[in-house]
Structure formats: C-alpha cells, structure tokens
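Peer 1: In the order they appear, the protein sequences are chains A and B.
Mapping to the working numbering: the first sequence position 89 is 89, numbers consecutive.
Mapping to the working numbering: the second sequence position 113 is 113, numbers consecutive.
Watch out, some of these pointers could steer you wrong.
With a straight-line Cα cutoff of 25 angstroms, these simulated DSS-like cross-link-like pairs (lysine-lysine) come out [to be verified]:
1. B:K51 / A:K144
2. A:K150 / B:K51
3. B:K98 / A:K80
The set of hints was computed from the structure by calculation and includes no laboratory data.
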Amino acid sequence: MTARPAPTVFFESFTPGEVRELGSLTVSREEIVDFAREFDPQPFHLDEAAARRSLFGGLSASGWHSLGLLMRLLVDGLLKDADSMGSPGVDEVRWLKPVRPGDRLSLRLTTVACVPSQSKPDRGVIHLVYELYNQSGEAVVRMKGMNMLKRRPAA
Amino acid sequence: MSDPGLKYWEDVAVGDRREGGPSAPLTEDAIVAFARKFDPQYFHLDPAAAKDSLFGGLVASGWHTAAICMQLIVEHFIKRQRAASLGSPGFDQLRWQKPVRPGDALSVRSVCIETAPSKSRPDLGSARFRTEVLNQHGETVMSLISIGLYRRRPRGNQAMATTLTLTAADGHSFSAYRADPAGPAKGAVVVIQEIFGVNAHIREVCDGFARDGYVAIAPALFDRVERGVEIGYSPEDIARGRGIREKVTFEMALADVAAAGAAVGGLAKCGVVGYCWGGSVAWLAATRLKPACAVGYYGGNTLQFQDEKQNCPVLLHYGEKDAGIPIDQVRAFKAKRTDVTMEIYPADHGFNCDHRKQFDNAASKLARERTLAFFGQHLRP
Numbered sequence: 001m002t003a004r005p006a007p008t009v010f011f012e013s014f015t016p017g018e019v020r021e022l023g024s025l026t027v028s029r030e031e032i033v034d035f036a037r038e039f040d041p042q043p044f045h046l047d048e049a050a051a052r053r054s055l056f057g058g059l060s061a062s063g064w065h066s067l068g069l070l071m072r073l074l075v076d077g078l079l080k081d082a083d084s085m086g087s088p089g090v091d092e093v094r095w096l097k098p099v100r101p102g103d104r105l106s107l108r109l110t111t112v113a114c115v116p117s118q119s120k121p122d123r124g125v126i127h128l129v130y131e132l133y134n135q136s137g138e139a140v141v142r143m144k145g146m147n148m149l150k151r152r153p154a155a
Numbered sequence: 001m002s003d004p005g006l007k008y009w010e011d012v013a014v015g016d017r018r019e020g021g022p023s024a025p026l027t028e029d030a031i032v033a034f035a036r037k038f039d040p041q042y043f044h045l046d047p048a049a050a051k052d053s054l055f056g057g058l059v060a061s062g063w064h065t066a067a068i069c070m071q072l073i074v075e076h077f078i079k080r081q082r083a084a085s086l087g088s089p090g091f092d093q094l095r096w097q098k099p100v101r102p103g104d105a106l107s108v109r110s111v112c113i114e115t116a117p118s119k120s121r122p123d124l125g126s127a128r129f130r131t132e133v134l135n136q137h138g139e140t141v142m143s144l145i146s147i148g149l150y151r152r153r154p155r156g157n158q159a160m161a162t163t164l165t166l167t168a169a170d171g172h173s174f175s176a177y178r179a180d181p182a183g184p185a186k187g188a189v190v191v192i193q194e195i196f197g198v199n200a201h202i203r204e205v206c207d208g209f210a211r212d213g214y215v216a217i218a219p220a221l222f223d224r225v226e227r228g229v230e231i232g233y234s235p236e237d238i239a240r241g242r243g244i245r246e247k248v249t250f251e252m253a254l255a256d257v258a259a260a261g262a263a264v265g266g267l268a269k270c271g272v273v274g275y276c277w278g279g280s281v282a283w284l285a286a287t288r289l290k291p292a293c294a295v296g297y298y299g300g301n302t303l304q305f306q307d308e309k310q311n312c313p314v315l316l317h318y319g320e321k322d323a324g325i326p327i328d329q330v331r332a333f334k335a336k337r338t339d340v341t342m343e344i345y346p347a348d349h350g351f352n353c354d355h356r357k358q359f360d361n362a363a364s365k366l367a368r369e370r371t372l373a374f375f376g377q378h379l380r381p
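Looking at chain B on its own, in the form it has when it is part of the complex:
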C-alpha cells in the first residue's frame, strides 16, 4: 500500500492505518544466530534443551521479534512512504504475547493513536502508534506503542506545491509537480527527473528552486510507460528505473518537457535543469528545443550527443569519480566545446542527491550556487 503524500508531521493523522509484510519465514539458524549475539538463553539456542523449557521448543528472543518489527517498519512504512522520520525517543507497553518459532513469517500493522507537536523544538512533532506484530496465523505475537519523531512542514518562506495534469503535443497526458515561490517569481524552470520518477528528492529540488524564487515544474516523464513511478535508490530500484527509462525515448521526454514549459509561461522563457538521465534530457532540450537556458547534472548521454549544437546557453556539471561517465571523455568534450560551460567536481555520480550515499555536500552546494547564478543571468519573470 502507499501513501505518497506522507512526509511531514502534519501529514500524520490519528486513525491512519498501515500494514506491511510478511517477512521471509524465520529460520532456526537466524533465531540461534541472533540469540548467540544478544540473548544466549538455552530456549533461544538449543532446540533439544528448549523442549524442556516452558516454551516447549526453540523460540526467538523477544528482542529478535522486536528487531524484525523494526525491519518491517523501515521497509514498509518509512521507505515506502518517504516519511521524514528522524528516529524515535522510545516506546511504551511492549508485550510479547506469543512465542515466535522457526518457520513463522511475521507482518506488522500499526494505527496512529496520538500526535503532538514537540514542546522544545518547534520544527519537530511526534506521533504514537499502536503497533502489532502478527504471525502467519494472524495471531498477535508482540505489541507496543511505538513513537515516531518527524520534521514539521517548514513555514514562512514555504513554497506552494501542487500536482497538475498536463497534455503533450502528441496527446499524451501526464502528471507534473509544480512548486511556486511565496513571493513574486524571478522566472520558471523545468526540473527533469532521474531514473527514479518524480520522487521525494525531485520534489525537494523543485521546492528548493521555489524557495529561491523560481516557479519549478517537474514533468513525470515515466508516465509514458507506467504512471506514478516513485522509487528510491537501492540496487533493485536502479534496475527498475533503468528498465522504465529504456522504454521512454528522448523524443517522448522532450515532448513532455516542452509541455511542462508551456504550462509555466512558455519554454522559450524557461530554464531547464536535469539530473542523471534528466541531465542528458536537459542537454537535448538545449539542442533540439529552445529554452532560455539549460543546466545538466551528470548526464551520461551528453557524450553520445556531444556534437549537437545548442540553441541556448548551457551549463553542465560532472563528477570526476562518476564510473558511468568516463572523465577523460568529459574532459575531451569540454576541450572541444568551449561554447558550453562545463564544471567538474571531485565527486561521484548523483552528488547532488542527498538521498543517495554519493551525496557530496561541498560539490552539491557549489553546483547549486553556479546553477542559481546561471539562472539569474539568463531567466526573467
């Protein structure tokens, strides 16, 4: 199940229900391995001796069940719903109702029973959940009142954000995320996604440009193949994202970029900024369309299309540790095309994305300053 809006404390409401699982069946080996580390009592370690215990056989440590509960919460609630989870101050009333035995497959379900703003930190809030772990027979094996700590939605200079439905010239309709600045706009930018959809990161990028005074719009380019794709950055996510990207041609992507530009005052007045695959799309938007300017972050296909002539000023950012974009070829491209501004950072692919382990704060900050200066130079309201 999904709840794509959940992000800040304000989005958590009493009565919200969530479910996830089941886990893979628990093996005897896993039970024993956990117990050896954390709870070496004979009824968790020795199947034969455990027969004589009050449990009548080997059972998992209660803390193993609790750890699996957390595993399910992270996998099914925190990651899937992209909650702005900041950790937890603790929990209350944990009860182990039934033993967990080898072969059991556990699920978690949770209902929000209370929310409260933090007394000491105005930017934080907490929520309490009645959380239960169930086995494959639907029996509750453990329950607790878990507590989550969340960031509150920022106020003040907060951008307004909406999700729109747009139509491209070829009749394809798709969704787009739009963020508007609180005050008068300095211009508009089309934000082009990576291979992970218009996910939390891309929306945050839009919100950031809106805070800097630009109307930002991110077309959901994967809607051509599958609607509503929003994925993370795990190896499985990367494989899935690549599979979808292969089916979205650059022509399709450019048609949707043009339509997104039209929705914010016309592409001719817009900046275009793209990341990863979107970085390549941004370059092609500059060479095959006519935006006001274009910025590409680590777009691998820029090398393939390096001989195309741009119709607007272009700024391209690359990371020299990017294994997917050979840096010698980037340097050769840079040497050949003095009419394109190219910047190289001592960073890896994806260095601008703070949801990825490749995030590089210094490179991201510098590239952002350069991007904003570039927009300041080339964009007008």
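Isolated chain A, as found in the complex:
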C-alpha cells in the first residue's frame, strides 16, 4: 500500500445533533447467498423456498452481512478520510426489516455525543446512531455505537 493521504476527518469534525448521509450500495442475491454460505448458513439466508416458509417470507441477507455493508458505507463515506483508531464496540443493534436481493442501501449517521479521552489527549470517542435504510426509505438496521478518532493536531 502506498502512503495514506493525510486525514481530513477528526474528532473535532463532529457536533452532537448533526446528521450525515454517507452514500449507498446495492446488494445482489449472489452476494447474500455467498455471505450466508460462509458465515450464516441458515436456510432463510440460502434458499428461496425455505425462506418463503420462514418468518422472513423470502430470501433475506444475514444480519451480519447487513452490518458488513453498513461498515463498508461508513469506511467509504467517512473513515477513509480519518485516522480511525477502531471502535470499542456497539451498544445496540436492531435488525428492523429484512434486506432483500437487489435492495439499495444507504447509511445515515446521527452524532449523539463527542467525548474526549480523559487519559489520552490525542483521541476521543464519537457516539453515533447509524441507520441503514433501503430504497423505500425504510430503516433496515439501527445501530448505536462508537468510533474512536484522532483529535485534530494543533496547527
């Protein structure tokens, strides 16, 4: 990998209450089945007929696949421009609606709180609500989590 571009997104880039729209992507049937085959081989993620008999009423992506796609949108739309320090975790995830083959998913980010680290002055934690929603505007995943970001270096 070549040298990474200088980060432009920092802890200071966030303000509680602000909402960001971070782009979208489309998920195919093949991707849904491939992911499920490797990580979540339950019939309702693999097989259309079995899925129709399940609570999902049709083939749907593994919830972990949806979270992977959420992460992809987060990296492409935000973290690629940050010096991300990873995430301590996620407080709550709810899979609200099935993700279907062909769905176009978009990510909306709402900043809840910005907490500078007490012990390490070079970083802080942003608390966010991440909403993945489909082409009909329905939220399919709602996640409350955190990202740790570097603070903007003093000029």
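Following the hints, position chain B against chain A.
Peer 2: For chain B alone, coordinates are given in the frame of chain A:
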C-alpha cells in the same frame, strides 16, 4: 456437546451453557478478503502498513470476528441442537476486547441470561445470551449480548411425546420415539426413519400423525450399529448415514419394526410408513411381515425387491426427479404391479422432508393427504 431436547423456546433456560469451536486458524488472506469487501481500512488490508497502526500489525475487521462468531453459533448451537431458531431481532453491548490476528483460532461460548415470551406474538419467545468469542489462548476477543427468537411449543391439540426403550425378538434393545394424539386414537402407525436416524424431522412426522389422530412410533433402527444417531442433511451427514445404513440389514430393521408395532397394540393392526431407506423397509414390512397396511416414500430398494408379494394393502410414493430411483424403472414396476398403489410426483427424492432443499410443498401435501386417506381406509383403533 449435545442437548438433543432443545427445540422450542420452553426448552431454553437461564443458566444453559453452550460451547463450540475452535474454528480453523484464520489466514491473512481471509482477513484481507473480508476487509476488501466490508471494511477496507489499512490495518485490515496491508500487513506492512498495519505495523505502524495502533494495532501493531494486521488485524481482522471486528465485523469479521462477529461473522465468525455467527458461523460458530450456527455450526455448534443451531444445527447441532436443532433449535427452532427463527432469527434474531438484534444484539446489545458488543465489545471488541482484543485484536484478532492471522493464525488465531476462535471458539464461542454462551450462557443464557434471560428468557421472555413475545408480547406481540403468543407463538414466539426470545432468549438473551452472554456470548463470548475466545482465541486459542483462552482470551476473550469479543463479547456481546446476543438475542435469539424461538418458536414456542404448540398448545391445544398438542400431542404427547415420549422416548421408550423396546426389545426386539432377538433380544436387541433400542429406543423409540412415540407421539400420542390428544384425543382418542384412530389407530397406530410405525414411522420408519431415513438414513439420518430418528432426528427432528422424523419426530415431527410422528407428531404430525399424532395430531391427525394416530399413535405414531419411530424405532431407532440405527441403534443396531450406533445409539442415539441423529444427523442432518449435509453431504457429510449423508455419507455418515449411508455408512451406518450399510451395517443395518433389512432383517434387523424388520425385527425392530415388528417390536415397535407390538408396543402400540400389535403390528397386525398397525400402519407402517417409511421414508427413503425407510420406504424400502416399509415395502419389505408389507411383504415379509403382516401389518394392516404400508406406505413407502421414495424407497430405492423397492425396485430390487419388486417381485415380492405383499401381505397387506400398499401405497408407494415416488418423485420423478429422484436421481437415485430411475423413474422408467418405477413406471415399469407400476405397470407390472397393478395390485400396488403407486403415485408419482413432479418432485425430487426427499420431497416430503421440509428440512431438505428438495422439499416440495405441493407434492408433500398431496402425498400426505393420500397417506391419511389410506390410513383412514385400512386402520382401526
């Protein structure tokens, strides 16, 4: 480890512990491939650049660890314990405690901390589990509160079910699953297993016949070779099932079918119904024993024994897409033996089993209606 009873929400209890794994060691390639798709940050993609990151080297995406956690849960908990898992509404308090690096082999362990009936759906319930992913050093790398959604045990017309120990004429003792109808019985049937043991599907078949008013009993025919065999329908399961079936002779199977019939009022009054290998056993029960009637679903060996004379009315179901039972030979058998009722469905082998991808709802429903009508005609309390 196994917990063969777990099936409905009622079977999940606070304090239940489960463990599974380890996974195969995670490769650098797998870490990079996952990250390229879902989390393309340099510390997940580039081993050299990752050395300068706060992780000090290449690490797996936290979502990759989470996906492996799910993989372990499906393989070790859901499939093995045949839980009536319906998916999950989500999870809480996920924490990535330690980086996961190339070469790490992960295991999962989980303890149930809470169960609750669904407020909106009386047929569903949920359970919360404290779930941890551990590496090969026993360190917790990730933890979360996972939530499972389960079907509740049906009420009302629910059949009573028990597991019995029976003894065949030759002294062999074996287990059998018995389901009784809630009301007075219309008769009794011996349910003969496939090559997968008396598994969840065969028990469900028994429960279904019990709901339709019949005492149903399924002898564990594989107990002759290995006790307690209950397997699924993967290629490995099929290979294992075939290996055991080869050691169980038709004579052994028929001895156990006779003993099962004796346990529910005598084989002479019983219907016999078998699936796959059990379909062949059902045919031989009709020709070599004397039940009240017999029904065979896609039994391949019926062709081999097609010249045997039956001692009772017989109904045989076949799927025309069944690669293992050539349909021309079935048609020739049908043309030759007008004294046997044979039905052919536009379906594959195993079409009655809703745990298999070959399940065909229409064929299964029609075959079941015909089977119940046949029992209605030939069975008495």
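Peer 1: Does B:K51 lie within 25 angstroms of A:K150 when you go C-alpha to C-alpha?
Peer 2: 18 angstroms, holds
Peer 1: For a C-alpha distance cap of 25 angstroms, please report whether B:K98 and A:K80 respect it.
Peer 2: 22 angstroms, holds
Peer 1: Just to be careful, I want the Cα atoms of B:K51 and A:K144 compared with a cutoff of 25 angstroms; is the pair within it?
Peer 2: With a Cα-Cα distance of about 30 angstroms, the restraint between B:K51 and A:K144 is violated, given a limit of 25 angstroms.
Hint violations for this structure: number 1 only, all remaining hints satisfied.
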